[in-house]
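Enquirer: Sequence:
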Amino acid sequence: MATGAHREMFDFRAEVSQVLDLVIRSLYSNKEIFLRELISNASDAAEKLRFEALTDDGLFEQDPQLRIRVTVDRDAGTLTVSDNGIGMSRQEVIDLIGSIASSGTRRFLEQLSGDQAKDSQLIGQFGVGFYSAFVVADRVTILSRRAGLTAEHGVRWESDGRGQYSIETLAKPGRGTDVILHIKDDEKDFLDTWRLRSIIGKFSDHIALPIEMVKEQHGDEEAKAEAAEEWEQVNRGTALWMRSKSEITEQEYGEFYKHVSHDFEDPLAWVHNRVEGTNEYTTLLFVPSRAPWDLWDRDQKHGVKLYVRRVFVMDEADKLLPHYLRFIKGVVDSDDLPLNVSRELLQHNRKIDTIRQANTKRVLGLLETLAKDEPEKYATFWAEFGKVLKEGPAEDYGNRERIAGLLRFSTTHGEGSAQIASLDDYIGRMKDGQDKIYYITADTPAAARHSPHLEVFRKKGVEVLLLSDRVDEWLVSHLSDYKGKHLQSVSKGKLDLGPLEDQEEQKQTEQAAAEHGKLLERLKTQLGERVEDVRASTRLVDSPACLVVGEYDMSANLARVLKGMGQAAPASRPTLEVNLNHLLVKRLEGETDEGRFGDLALILFDQAQLAEGGHLDDPAAFVERLNRLMLGMLMSGR
Numbered sequence: 002m003a004t005g006a007h008r009e010m011f012d013f014r015a016e017v018s019q020v021l022d023l024v025i026r027s028l029y030s031n032k033e034i035f036l037r038e039l040i041s042n043a044s045d046a047a048e049k050l051r052f053e054a055l056t057d058d059g060l061f062e063q064d065p066q067l068r069i070r071v072t073v074d075r076d077a078g079t080l081t082v083s084d085n086g087i088g089m090s091r092q093e094v095i096d097l098i099g100s101i102a103s104s105g106t107r108r109f110l111e112q113l114s115g116d117q118a119k120d121s122q123l124i125g126q127f128g129v130g131f132y133s134a135f136v137v138a139d140r141v142t143i144l145s146r147r148a149g150l151t152a153e154h155g156v157r158w159e160s161d162g163r164g165q166y167s168i169e170t171l172a173k174p175g176r177g178t179d180v181i182l183h184i185k186d187d188e189k190d191f192l193d194t195w196r197l198r199s200i201i202g203k204f205s206d207h208i209a210l211p212i213e214m215v216k217e218q219h220g221d222e223e224a225k226a227e228a229a230e231e232w233e234q235v236n237r238g239t240a241l242w243m244r245s246k247s248e249i250t251e252q253e254y255g256e257f258y259k260h261v262s263h264d265f266e267d268p269l270a271w272v273h274n275r276v277e278g279t280n281e282y283t284t285l286l287f288v289p290s291r292a293p294w295d296l297w298d299r300d301q302k303h304g305v306k307l308y309v310r311r312v313f314v315m316d317e318a319d320k321l322l323p324h325y326l327r328f329i330k331g332v333v334d335s336d337d338l339p340l341n342v343s344r345e346l347l348q349h350n351r352k353i354d355t356i357r358q359a360n361t362k363r364v365l366g367l368l369e370t371l372a373k374d375e376p377e378k379y380a381t382f383w384a385e386f387g388k389v390l391k392e393g394p395a396e397d398y399g400n401r402e403r404i405a406g407l408l409r410f411s412t413t414h415g416e417g418s419a420q421i422a423s424l425d426d427y428i429g430r431m432k433d434g435q436d437k438i439y440y441i442t443a444d445t446p447a448a449a450r451h452s453p454h455l456e457v458f459r460k461k462g463v464e465v466l467l468l469s470d471r472v473d474e475w476l477v478s479h480l481s482d483y484k485g486k487h488l489q490s491v492s493k494g495k496l497d498l499g500p501l502e503d504q505e506e507q508k509q510t511e512q513a514a515a516e517h518g519k520l521l522e523r524l525k526t527q528l529g530e531r532v533e534d535v536r537a538s539t540r541l542v543d544s545p546a547c548l549v550v551g552e553y554d555m556s557a558n559l560a561r562v563l564k565g566m567g568q569a570a571p572a573s574r575p576t577l578e579v580n581l582n583h584l585l586v587k588r589l590e591g592e593t594d595e596g597r598f599g600d601l602a603l604i605l606f607d608q609a610q611l612a613e614g615g616h617l618d619d620p621a622a623f624v625e626r627l628n629r630l631m632l633g634m635l636m637s638g639r
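Each position in the sequence shown, counted from 1, maps to that position plus 1 in my numbering.
Relax, there's no trap hidden among the hints.
Straight-line alpha carbon distances no greater than 25 Å define the calculated PhoX-like cross-link-like pairs of lysine-lysine that follow:
no.: 1; residue 1: K495; residue 2: K432
no.: 2; residue 1: K508; residue 2: K432
no.: 3; residue 1: K352; residue 2: K320
no.: 4; residue 1: K437; residue 2: K508
no.: 5; residue 1: K362; residue 2: K246
no.: 6; residue 1: K461; residue 2: K508
no.: 7; residue 1: K460; residue 2: K508
no.: 8; residue 1: K461; residue 2: K437
no.: 9; residue 1: K460; residue 2: K495
no.: 10; residue 1: K461; residue 2: K495
no.: 11; residue 1: K493; residue 2: K508
no.: 12; residue 1: K495; residue 2: K587
no.: 13; residue 1: K302; residue 2: K362
no.: 14; residue 1: K302; residue 2: K352
no.: 15; residue 1: K486; residue 2: K432
DEER-style ranges, computed between Cβ atoms:
no.: 16; residue 1: S343; residue 2: T445; range: 37 to 47 Å
no.: 17; residue 1: S245; residue 2: Y553; range: 47 to 57 Å
no.: 18; residue 1: D316; residue 2: G175; range: 16 to 26 Å
no.: 19; residue 1: E62; residue 2: E377; range: 48 to 58 Å
The hints are simulated quantities; they were obtained by calculation from the structure and are not laboratory data. The beta carbon of each residue, even a glycine, is placed where N, CA and C say it ideally should be.
Turn these sequences into a full structure, and let the hints guide you.
Expert: This is the structure in structure tokens:
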């Protein structure tokens, strides 16, 4: 293979070197993973060729038998993983092998915590499995040619993984990719063919493509030298999802998950089913242990692999599961779909709708079992994927209540504990006569837990859900009830505790409102267009005031969320509720100086905004009023 003249040198970016260093350090204790990653990449390349050849069988180039080969050259100190898959053009080598240098690298690095054990788990999710080769090699060479291009369009990529890499053109007769590892002096045991066979059996036995090595020759050295190379398959080569569940070990399921997901951690749970009848298909779906770093990236596609009669058709087939289950990994293999099925056809295919519905029910059933039988594992799941699952009631109305049963929330029950509760837990603790599930939304957990709106609920021992995720506003707008219990915001409309209401307290509040009507009217006049109304509060126990929006108005928290996203929120004015028993309010009623009264009224309003986690429109004016009042108090000796 003659080397061409078109050769270029490239520098790794600083953040790429950081990722490479992390790869090498984190995998040091489990070096064998490099071979799994290279074989997995080779398998993907072969599957992509098989799919593209459905519409252009010339891509096979008279060599339709796809395979992966692992060879050792002890004299040269090299280990080579070769495939005759789709291969890469020069630009694809730059884009794919150099993808670690994409804008995603910075986003990936932002996920790093500084804890090496935790950070190492992100590597596979980032998709830098190829770079694990540098754990055992001090130099890596890639020779590749894309199927369909002529021999002179081969490309050679080489790097020591430190500062630079080179790319040059070369003549390569065969399509596909050879990854040549120049093994480090202290890693020469990876040139032992028996060890390599053991690693392949351990990590890659499930690969549905033959993995071949040269058959070991027996006899004297002269006879071995004269014997022709004979290749033998060293893996089982059967699609794992087509085997009986009883034949598959947990370890095999785990290794297959790592293959389809490029994750380095074991899955949390999985479900494996074969459906027969008018629509025949097999599914093997996994729940990961950790959220991928790009879970919230809108430009990133998510989904499972689609096969048709064991032929790979599509990565990230997002029509096979709803978007709120986008964290699920795995495969769906259909016997009934056409081999040339496209994303557009998937969108309008009734069989796909049936598969999607069944997959959804299986995943929800798996999560329900996990929550019931393995609560610690479910707690891990919730910490990683809870915010995504909260999108479900809005997206999947048919399964709305089933999804709601899987949701978990912080509540005012057991103040100070880190426990989370289900809606069923909440209902089981409801007071006699209570017919609503109460909740509050806020920017932060602290703002929710310390909201003045909770004061009367704490006094009466009524539990309240504390919602502080951005998605929570979206959730409660689509989840209005659960098992016949209405979900009620504690910060909207007039407080209605139903049978929990203390009639005597209610009468006292109404009487006080009548007695202090002039104060309420005076406050409303002073606040003007800032408020819809000013009224006596039944919510407050310790705080002087709080802001309440109408029953059907947008919550103040949602308005802040939309504003933070650059979107306009519908204009609405809150009602100021005041605690007529609070000393500050009583002092306010006796104020005869209208200027001072105005300052106190506005400070009361601004404080109520701040207590809700809101932001003042004019912080400087608030400070000025506060300073003026404090200065007046100092000068008057009060």
